[in-house]
Amino acid sequence: LPISKGAKLVYFEGNHDLHIASFWEKKLGFDIHTDAYFEKVGNYNVRLEHGDLMNPNDKNYLKWRAFARSHLGEMLAHYVPGNFWDWLGERAAARSRARTRHYGSQNEENIRQMIRTHAKNVYSEKSFDLLISGHMHVKFDETFEADNNSVRNINLGSWMGPDPEALLIDGGEVSWVKV
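Be aware that the sequence shown starts at 1, since it is given in the numbering used here, and climbs by one per residue.
Don't read these hints as lab results, they were simulated from the structure.
Being a predicted model, the structure only gives us computed values, none of them experimental.
One thing to keep in mind: the hints can contain errors.
Claimed, not checked - With beta-carbon atoms standing in for the labels, derived distance ranges:
#	residue 1	residue 2	range
1	S127	E173	39 to 49 angstroms
2	R69	K40	37 to 47 angstroms
3	N121	H71	26 to 36 angstroms
What the hints assert, rightly or not - Lysine to any residue pairs mimicking SDA-like chemistry, simulated, CA-CA at most 25 angstroms apart:
#	residue 1	residue 2
4	K139	E25
5	K63	Y11
6	K27	Y44
7	K139	A77
8	K40	P162
9	K120	N107
10	K59	D129
11	K139	V46
12	K40	K126
13	K139	P162
14	K139	H16
15	K126	L28
A virtual CB, placed ideally from N, CA and C, is assigned to each residue, including glycine.
Taking the hints into account, I'd like the entire structure generated from these sequences.
As structure tokens, this is what we get:
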């Protein structure tokens, strides 16, 4: 829906975008989040998140994220020229892709288990009906039982596959649509 129709644009900063609120939120009207966000969507209490905190064993990324989201990291982000960040980001992304090029296909079940474990852990902190995340590049859509409730756990997968899909929540219906 266009913003003029009352749609709310929500964006989750993740591992490739940091400190964008000063423009995206203030100039474009997006609602920017760096951590989990809870919203009533249709008939669901939804936990939405980027998903970059699902892997507690990725210590290097967690250290980088903590620094990048710190006050010092934010100051550097705004004062160091953009072409430096482009260079640094491209270099880090290339190294990451080289290291993990086949990780997803070779470890898909491990990733699915990580998504399952994460959902159950965060549900114990604050309950929800539906968890929507990304980051892991594996499409995942399962339901689990918690506190006598059926909880749906969705990871959006990758937009780069041969048949990309989007998640649509319309009232009480959650469905995948081809894009």
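Results of checking the hints against the structure:
A C-beta distance of roughly 21 angstroms is found between S127 and E173, which places it outside the suggested range of 39 to 49 angstroms. Checked against the hint of 37 to 47 angstroms, the C-beta distance between R69 and K40 comes to roughly 27 angstroms, which is inconsistent with it. Range check, N121 to H71: Cβ separation about 28 angstroms, and the 26 to 36 angstroms hint holds. A distance of roughly 28 angstroms separates the Cα atoms of K139 and E25; the hinted pair therefore is violated under the 25 angstroms criterion.
For a cut-off of 25 angstroms, the pair hint linking K63 to Y11 stands: about 23 angstroms separates their Cα positions. Taking the CA atoms of K27 and Y44, the gap is near 30 angstroms; set against the 25 angstroms cutoff, the hint is violated. A distance of roughly 32 angstroms separates the Cα atoms of K139 and A77; the hinted pair therefore is violated under the 25 angstroms criterion. Under the criterion of a C-alpha separation no larger than 25 angstroms, the hint pairing K40 with P162 is inconsistent with the structure, at around 32 angstroms.
This hinted pair checks out: K120 and N107 have alpha carbons roughly 20 angstroms apart, not beyond 25 angstroms. Distance check on the hinted pair: K59 and D129 sit about 29 angstroms apart at the alpha-carbon level, beyond 25 angstroms; violated. This hinted pair checks out: K139 and V46 have alpha carbons roughly 18 angstroms apart, not beyond 25 angstroms. At roughly 14 angstroms between alpha-carbon atoms, K40 and K126 fall within 25 angstroms of each other, so this suggested pair holds.
This hinted pair checks out: K139 and P162 have alpha carbons roughly 13 angstroms apart, not beyond 25 angstroms. A threshold of 25 angstroms between alpha carbons decides the hint, and for K139 with H16 the separation of about 20 angstroms falls inside it, so the pair holds. With a CA separation close to 30 angstroms, the supplied pair K126 and L28 exceeds the 25 angstroms bound.
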